[in-house]
Amino acid sequence: MTDLEKLSIELKSQSLASTTRRHFIKDCALGLGGIALSSLMGACTSSKNNYDPLLNRALNPLAPLPPPHFAKVKSVIYLHMVGAPSQLEMFDYKPELAKLHNQPCPTSLLNGKKFAFIRGVPNMLGPQAEFEQVGDSGNWVSDNLPHFKTVVDEVAFLKAVHTDQFNHGPAQLLMHTGSSRFGRPSLGSWVTYGLGTENQNLPGFVVLTSGGTPDAGKSVWGSGFLPSVYQGVQCRSKGDPVLYLKDPQGVSRSLKKQVLESINAINYKDYLSYQDPEILTRINQYEMAYRMQITVPEVMNINTEPDYIKSLYGVEPGKESFANNCLLARKMVEEGVRFVQLYDWGWDSHGTDHGTAVDLGLKNKCRQIDRPITALLLDLKQRGLLDQTLIVWGGEFGRTPMQETREGKTMQYKGRDHHGEAFTMWLAGGGIKKGASYGQTDEIGYSGVEGRVSVHDIQATILHLLGFNHEEFTFDFQGRPFRLTDVEGTILNQILA
Amino acid sequence: MDVFLDLFGRFHPLLVHLPIGFLVLGIMMLFYSRNDRSALHHLRFSFFWGSLSTLLALLTGFIQYQREGFEWENVQAHFITGLLCAIIAFSLYYVLKKVAFPWNPIIKILSVTLLLLLIITGHLGGNLTHGNGHLTDPLPEVLKERLGLTPQLNKVEFNLDDFANQPLYSQVIQPLFDAKCVSCHNPSKNKGELVLSNYKMLVQGGKNGAVLAASQGDKSTLVDRIFLPLSEKKHMPPKAKIQLTEEEKELISLWIKSGASPTQVISSYSIDERLFRGFFPENKTGIYPDLELVPLSQDVLTPLLEKRLLVTPLYKGSPLILVSCVNFSDFTDDDLIAFESIKEHLVALDLGKTKVTDISFGTLATFPNLTTLTLDHTKITGSGIEKLKSLPNLKRINLSNSSFDIEHLSSLFEFSQLEQVHLYPIDQNENIRALIPDSLQSLFNLGTYEITIKERDTVNY
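Heads up: the sequence lines are chains D and G, in that order.
Counted the way the working numbering counts, the first sequence spans residues 1 to 497.
Counted the way the working numbering counts, the second sequence spans residues 1 to 461.
These aren't lab readings, by the way, just hints derived from the structure by calculation.
Please note: incorrect hints may appear among the correct ones.
[Said to hold, decoys possible] For the chain D half of the interface with chain G, some residues (derived, Cβ under 10 angstroms), not all of them:
(1) A58
(2) L65
(3) P146
(4) T281
(5) R282
(6) K310
(7) N364
None of the values given here were measured: they were computed from a predicted structure.
C-beta atoms are modelled at their ideal positions from N, C-alpha and C, and glycine is treated no differently.
Produce the complete structure using the sequences and hints provided.
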């Protein structure tokens with residue numbers, strides 16, 4: 001007798017031993033009641049509800065749902081420059097600041113303010129780039145982004161975004177979860193919770209990183225208090241796209257299929273006796289994981305793209321790069337993924353070394369995103385996807401018009417400190433007014449003087465474009481309804497078409 | 001004396017329960033004892049105190065109306081029915097004093113009328129203290145809709161026709177106050193003694209005086225406080241309430257600064273059209289036709305869902321249907337027959353990456369409201385695409401990465417409603433732009449964009 005048979009006999013005898021006369025009587029009584037009840041209830045429910053569980057929200061938490069209101073876009077690509085890109089070297093042209101270059105910062109700008117690193121009285125730092133008005137819109141773009149200049153009429157700028165956080169972690173959390181503290185669901189989680197996702201062979205919320213993980217960690221794509229199926233799935237462009245998705249060594253795909261089928265058959269028997277829909281959900285999850293094993297590596301493979309596309313984006317197959325991620329983002333959206341979140345690391349231009357100098361390293365970072373972002377906009381456009389996709393670009397805050405003086409000392413490289421009072425973001429795609437520019441900063445780009453926009457305003461606008469009323473879209477947790485925009489947020493009609 | 005009167009008036013909500021109790025008990029006794037003579041004594045007792053307390057309630061009510069900023073138009077129905085109650089209660093008492101037997105027609109009529117009046121008066125009073133909808137609010141939405149009770153809260157909308165000739169105040173400003181201020185600043189709750197429910201009270205101002213101060217422009221307290229930062233304690237509406245939008249704030253401030261006229265029409269102000277945009281009913285269907293169709297029942301959709309077709313309404317409750325085959329890549333021309341049952345409702349059809357061929361145009365031409373048609377990555381060559389010409393709503397055709405043959409391009413020139421055609425990728429050697437008439441150039445997106453190499457691409461800093 002094998003061990004397995006012994007075990008199975010032992011299980012059988014134990015379960016028989018633990019069944020007493022009491023159980024029999026209880027089963028009789030409850031059983032009769034159950035039969036009566038089920039015949040009563042049976043009349044109430046439609047027998048026709050057995051369609052494919054894939055598209056049934058009760059069984060599949062990622063099943064697509066219609067938006068509550070008319071939606072201008074159905075998917076989002078969010079490009080986050082981790083570390084906070086310098087608006088003063090990219091989009092916010094300040095000729096006055098150039099005139100004040102190397103002059104001490106007026107103390108009126110410093111009194112009562114807190115900076116991450118600046119101590120003492122820093123000098124002003126003029127723009128370290130050449131600016132030019134481009135396109136029909138005449139919006140300003142620096143020479144750091146020569147390719148982006150050609151598509152500038154596709155985007156709408158927000159020039160005076162502000163945040164109340166001046167450290168990376170909390171500011172990233174605020175930008176993506178609506179709160180600077182841990183525990184809230186991220187934007188992508190809210191969206192997949194509210195709308196599900198179209199392609200049932202792929203995750204609904206995909207995260208792609210280049211250069212490193214954001215300072216706030218994986219909480220920026222976490223599901224907070226929402227069910228954990230709505231958290232972002234990090235796909236890697238190097239190695240396995242999704243960790244733990246590959247079959248274990250020595251297990252073939254057909255064996256895996258048999259295992260899953262047997263487990264699902266047993267689970268289904270359990271479902272028949274308990275009628276608990278959670279069991280069907282679990283069966284569904286196993287099947288989805290199985291389907292994803294095939295589809296995810298397929299979609300994540302950029303080698304199959306034609307050369308024309310590869311050179312358009314400037315991809316480097318086999319490496320982890322922002323260009324690769326932009327191409328992947330387009331592939332995902334084309335396949336019906338709801339929310340694609342990109343993080344590109346290395347924008348924290350403090351000027352502590354060559355790589356973080358605004359006149360050196362920042363230029364290299366700009367080069368790394370310039371072509372891919374331009375290609376992404378053009379590629380979506382030629383495939384007819386730009387009208388139904390929203391693209392958001394930004395960082396967690398901006399950078400100071402003053403040169404950073406770490407510990408009060410003048411530094412060798414030119415850098416800028418964290419600055420939450422005013423920075424630039426842009427949006428493009430469906431429902432966005434092409435070539436718009438909203439908000440203005442003062443003469444030196446220190447703070448917004450017109451059209452100040454909060455992080456919650458941007459979130460409200462993104463939700464609006466996806467067909468949500470951000471004030472109605474709530475989730476009950478700990479005794480009260482929560483929403484992404486908390487008690488704030490105004491839709492930015494100024495940049496909507 | 002004032003203090004005493006105020007206090008006395010405030011007893012009204014308490015005292016009103018006395019006549020209700022006494023009189024209802026009297027009426028109950030009357031119907032219970034019918035012609036029992038011996039009950040007459042008790043009946044008189046009950047109606048005596050009932051009538052007297054009605055008078056008391058009436059008095060305190062009147063004092064409260066006079067001293068607590070209520071408005072006549074709001075309380076008049078309650079007051080008149082209350083007065084009638086008092087009159088009938090006294091008459092009943094009078095008749096009961098005269099008769100020898102209580103069970104006579106006059107008494108019967110009077111008592112039934114009194115009972116009804118008591119209920120109505122009580123309800124009207126309840127509306128004053130608890131708000132107009134306090135009985136209807138808890139009803140299920142469906143029932144409310146049937147009764148025509150669903151109020152468009154917090155949303156002010158008006159029609160395009162003739163709005164410019166309406167007064168700004170009645171058309172925009174007051175509805176704004178009604179939607180976002182009046183829940184606190186109304187006659188029964190008058191926070192800060194400010195009532196914003198009509199022009200007269202608005203001009204009167206609150207406990208710190210006038211809020212409009214129209215002649216002084218910027219000095220208006222109301223404008224000051226709505227423009228305070230949200231974090232300020234004095235900001236209005238309070239942080240937790242639904243906020244005025246920037247446009248709404250600007251409109252209110254503009255109205256007050258221009259003299260807060262109750263009659264001046266919208267066209268005589270020079271208002272940026274942008275400020276009004278939010279008030280027009282939203283375009284709820286975008287590029288899709290706004291069709292008055294009955295939404296499809298689940299029974300119709302189930303067979304489609306069983307095939308793993310993605311069938312979703314445009315938005316919750318919309319009859320328009322969007323269909324995608326993203327989870328059903330083995331979809332063939334024969335499967336199109338499944339859409340027969342939803343052909344009126346079908347506005348967007350995504351057949352991308354499926355196995356459909358040119359044969360499908362015949363069936364596709366029978367979907368009258370089809371607005372967007374996506375055929376990317378298919379074997380479609382475009383032969384027979386002219387059959388779709390008759391579709392009155394067809395605006396977008398996506399043929400990117402399909403086998404579309406340029407020889408069928410000219411068929412598309414005759415489509416009347418077409419706004420966008422995607423034909424990427426296009427062989428750069430063929431000059432396709434030259435084939436397209438000038439007037440239609442903007443319709444066709446040929447894609448195949450290129451990004452030239454710039455100097456910066458090669459410099460490493």
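Hints and how they fare:
1. The beta carbon of D/A58 comes no nearer than 13 angstroms to any beta carbon in chain G, farther than 10 angstroms, and the hint placing it at the interface is violated.
2. Given the 10 angstroms rule on beta carbons, the hint for D/L65 holds: about 7 angstroms separates it from the nearest Cβ of chain G.
3. For D/P146, the shortest C-beta to C-beta distance to chain G is roughly 4 angstroms, which falls under 10 angstroms, so the interface hint holds.
4. The interface hint given for D/T281 is broken, as the beta carbon of that residue sits about 17 angstroms from the closest beta carbon of chain G, more than 10 angstroms.
5. The restraint placing D/R282 at the interface with chain G is violated, with a minimum CB-CB distance near 20 angstroms, outside the 10 angstroms limit.
6. Hint on D/K310 is violated. Least Cβ distance to chain G is approximately 12 angstroms, over the 10 angstroms limit.
7. A cut of 10 angstroms between beta carbons decides the hint on D/N364: the least distance to chain G is about 5 angstroms, and the hint holds.
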